[in-house]
Amino acid sequence: MGGGALKDGGRLPALSAPQFVGRDGELDTLGSALERTPAVVLIDGEAGIGKTRLLREFLASQAERGRRALVGACLELRVPYTLGAVVDAVRDGVDNVVGLRLSGLGGALRPLFPEWADDLPPAPEALEDATAARHRLFRAFVEVLGRLDVALLALEDVHWADEATLEFLQFLVSRRPQPVSLVLTFRRDEVPSASLLLRLASRLPSDAHLVRLTPGPLDVAETASFVSSMLDGGYVSNEFAAFLHARTEGVPLAVEESLRLMHDRADLIRQDGGWARRRLDRIEVPPTIRDAMLERVQRLHPDSRTVLYAAAVLSGPADFVTLRAVTGLPEERFAAQAAEALGNGLLREARPGQWSFRHSLACDAVYDAISTGERRAMHLRAGRTLERWPLPPVAQLARHFRLSGVSEAACRYTDEAADLCVQSGDMATSALLLHSLVATVPLPAGILVRLVTKIQFQALSGSDPYSAIIEALRSALTGQALAPMGQASVRFQVGRVLMVAGEIEAGRREILTALPDLSPGSPETARARVLLALPLGNARPVSEHLRWLQEAPPLTQSMASLDRLRLSVERAFALLMLGEEAGWAAAREIPDDVLDPREASIVAIGHTNVGEEATRWGRYDEASARLAKARILAERHQLVDYLDSIASSRAHLDWFTGAWSGLAERTARLVDDDNGVRLKDRCEAALVAGLLQAAAGDREAAKERLRFAGGDDQQRIEAAAALAQVCLRDGDVDEALRLTDQLAEIVVGGGLWSRAVEFAPARVAALVAAGRLGPAADVVNALEGALGDRDAAAPQASLILCRAILAEADGRIADAATLFFRAAAAWEALPRPYDALLARESSARCLLVEGRDEAGLSLLSAVAQALSELGAHNDADRIGRFLAGRGGDVVAVARGRGRPGYGNQLSPRELEVVRLLANGLTNRQIADVLVVSAQTIASQVKSAMRKMDVSSRTALAVRVVESGLVGELNQRTSSDE
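Just so it is clear: in the sequence shown, position 174 is 174 by our numbering, and no numbers are missing.
If you're looking for bench data, these hints aren't it; they were derived computationally from the structure. Hints should not be assumed to be uniformly reliable.
Said to hold, decoys possible - With a straight-line cut-off of 25 Å between C-alpha atoms, the simulated SDA-like cross-links for lysine to any residue are: (1) 680 <-> 467; (2) 454 <-> 513; (3) 454 <-> 521; (4) 454 <-> 590; (5) 454 <-> 595; (6) 680 <-> 730; (7) 942 <-> 953; (8) 454 <-> 483; (9) 703 <-> 742; (10) 454 <-> 479; (11) 454 <-> 554; (12) 680 <-> 502; (13) 942 <-> 654; (14) 680 <-> 622; (15) 454 <-> 442; (16) 680 <-> 460; (17) 454 <-> 407; (18) 680 <-> 700; (19) 454 <-> 558; (20) 703 <-> 636; (21) 454 <-> 636; (22) 454 <-> 439; (23) 942 <-> 653; (24) 454 <-> 393; (25) 454 <-> 522; (26) 947 <-> 925; (27) 454 <-> 415.
Model the full structure from these sequences, guided by the hints.
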């Protein structure tokens with residue numbers, strides 16, 4: 001089955017490996033970059049573009065100059081391998097461990113290099129802090145690199161790197177001096193949105209030397225040279241080169257594979273002294289690399305194909321003994337055909353005596369071509385073979401037995417591999433291992449429940465990690481004969497995962513069905529009741545949810561520590577959602593830091609949830625602190641996918657507090673990533689994006705975002721309220737009523753005041769606009785009764801606003817003006833500047849109705865200016881048009897960056913603040929006088945100091961007195977009176 005034949009019966013020349021073509025510029029750039037050591041070089045390019053060839057050509061030139069490099073490759077996460085690329089690179093670079101004369105730090109390497117156990121220092125004392133243990137391991141690697149005198153560490157396919165490897169790379173580039181230069185190859189389109197690789201590139205120290213390389217495709221002339229080098233330097237016709245270039249887009253691997261296929265099919269012919277295609281109008285070169293590779297494979301002897309299949313099943317570098325065992329071929333048949341399989345250009349010698357596919361595309365293409373039955377048999381042979389190794393690779397064994405369908409061995413090795421990942425702080429790989437097993441292998445119900453309980457869904461990438469798990473659980477329910485308690489245990493997990501996935505009502509039904517048969521007093525029973533207590537979905541009256549919480553079994557010492565922690569965190573969350581102040585005492589029991597990565601994931605979620613509730617209660621400092629704690633834990637324990645939840649909650653908080661700079665871009669990143677970001681996090685980001693668009697005047701885009709946000713249970717109430725407000729501004733009262741009708745009973749009738757902050761004003765405004773003052777008053781009274789005197793600043797401010805709306809509709813204009821002013825002060829104290837300004841606008845309009853035009857117009861002008869500065873240009877323009885229609889003095893509002901309107905002149909509010917400051921008042925006293933927050937006053941004092949070019953409060957007071965500004969303001973105030 002060798003080379004193709006010419007038309008006249010002669011043989012085509014054997015194809016040579018292609019020469020290095022079209023990359024001189026990139027090679028020079030790489031060399032220049034690494035002359036300045038240490039450097040960080042990122043080589044980004046699509047599959048097959050030649051990143052590996054470029055790197056290897058460069059490394060060969062470095063070896064000639066005596067510069068030592070270590071090279072490793074990251075494997076696709078189908079085979080999770082913590083720090084795998086670094087371990088392989090170091091293992092290949094060390095001939096004699098004893099000769100390195102490592103310090104005691106080297107003992108930390110024992111778990112990763114068990115074959116060196118006799119030569120490494122003793123294992124150091126175990127550390128409880130996973131982060132400290134990981135950093136000790138990193139320092140040990142740095143010591144090895146230093147003893148080897150390595151100038152360069154090159155890692156390929158870093159888009160597949162595990163989190164521990166990426167953290168190690170961050171560790172290297174942050175050290176001063178940087179221990180080695182780094183060259184990393186990756187495919188940008190395969191880098192997850194939350195990957196540390198993106199932060200590695202964007203957060204390098206300021207003195208780091210970063211170079212980015214993006215090899216492009218070959219042009220037609222380079223394609224001709226590339227092909228010629230494979231055909232003994234023969235001339236290649238322009239037409240042939242142009243044809244190949246058009247079909248392959250100049251991607252080197254595609255060019256090579258297409259040429260090899262044509263050679264195998266004898267589709268090449270000599271013509272006019274050069275190489276061309278035979279019968280130009282008839283030949284079709286497969287348009288994709290995958291098609292070309294598969295057709296080449298099908299032309300091989302069946303035993304040769306089996307060798308390639310075995311290599312694809314093993315996925316990584318393998319020796320001949322392992323390859324033969326996986327093929328299942330007798331030794332003589334394997335020996336006869338292995339040479340053809342190894343010589344066809346698809347495989348390469350990855351390291352001495354070990355072979356693997358030259359490119360992952362080839363491996364994937366061949367793997368997908370294996371029949372299901374043969375694939376399972378090969379995975380089973382691979383598992384049995386690797387089990388006999390002196391140090392069995394448990395992660396690989398977990399994969400092989402899972403894909404072979406041998407559930408007992410798959411469970412055993414998956415459990416072991418997942419626990420090892422947790423010990424090293426790699427929660428993402430641990431969750432991936434467990435998820436892959438549960439989603440693909442039918443398991444006994446008891447084992448299934450235990451494994452599903454261990455899965456940390458937040459550590460998994462992708463937008464939907466839930467469906468496959470729910471399907472596996474339901475299959476166990478219908479396909480296995482289970483006792484009532486066993487059935488209830490499985491059904492509870494179905495309900496729990498459904499609720500985590502956002503299918504609240506479906507999840508609640510499953511839990512309610514399971515609850516009677518769950519073991520009394522068990523953690524499952526306690527957790528079931530806590531989950532039923534959460535006022536999600538079609539929430540019941542608060543009293544009903546509280547009853548579920550009160551009936552939950554108490555936490556006991558007999559429970560596992562992880563169960564106690566999880567239940568205490570979820571109980572605190574439920575209490576806060578239900579508006580119980582006891583929830584804050586429970587929240588204070590959540591630790592700030594933990595050492596176990598599994599506990600860290602629970603605590604990080606706990607702080608995030610408490611932060612969300614603190615935002616709803618109006619405790620913004622608490623919310624900010626909780627989200628900061630969650631972020632620290634997520635980053636420290638590499639809980640990368642938790643960061644999106646934290647980021648969406650942070651964006652929500654920033655909307656309320658007026659930190660709008662860059663907020664639209666942050667939310668857009670989350671909303672638009674429908675592959676890597678969870679739906680609930682995308683919905684929360686969409687809510688904020690819609691609110692920003694509404695404030696900017698882009699109402700149709702705002703409606704689209706807000707409707708999307710309403711798809712998540714936790715955002716639907718606020719999203720409906722925001723949509724209703726947009727409809728009211730458009731004059732669509734009926735739609736505003738319809739939107740709020742659907743949720744009024746849940747929010748108002750059920751006493752769920754923590755969800756009423758945005759909803760109640762929208763509902764009251766809609767009812768008032770429809771002339772239904774009685775029902776509007778009922779909403780206000782219901783909210784007041786549910787809220788009582790609770791220390792919840794945001795709902796209390798919302799209640800004042802509702803009273804103001806009702807008073808204005810009832811014709812009590814003076815009362816309305818006062819209430820709107822009080823609402824503004826309450827919002828400002830949080831601070832919630834946008835809501836405060838809209839309340840001040842309403843107060844000003846009441847003043848105008850009362851005939852107090854000067855005060856009303858002056859207040860409206862100040863509100864318009866402040867709205868513009870905040871970024872609410874639509875509202876600022878609306879007020880500006882109103883003032884222009886009244887013939888008032890409209891302050892110019894500027895858009896874009898910088899402080900608009902007054903330039904380096906003090907604004908009226910800044911003048912007022914400065915006058916009070918010059919009279920000796922503190923920020924807090926000024927805030928009390930002006931009914932705003934001390935934080936706002938501090939910001940205005942700082943702005944005034946900048947404008948007056950002074951560096952202290954005393955200097956500011958002296959400057960304004962000397963300049964006559966205080967007298968000017970006093971005179972203006974007197975004339976107003």
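Against the earlier hints, flag every one the structure doesn't satisfy and list their numbers going up. 6 and 20
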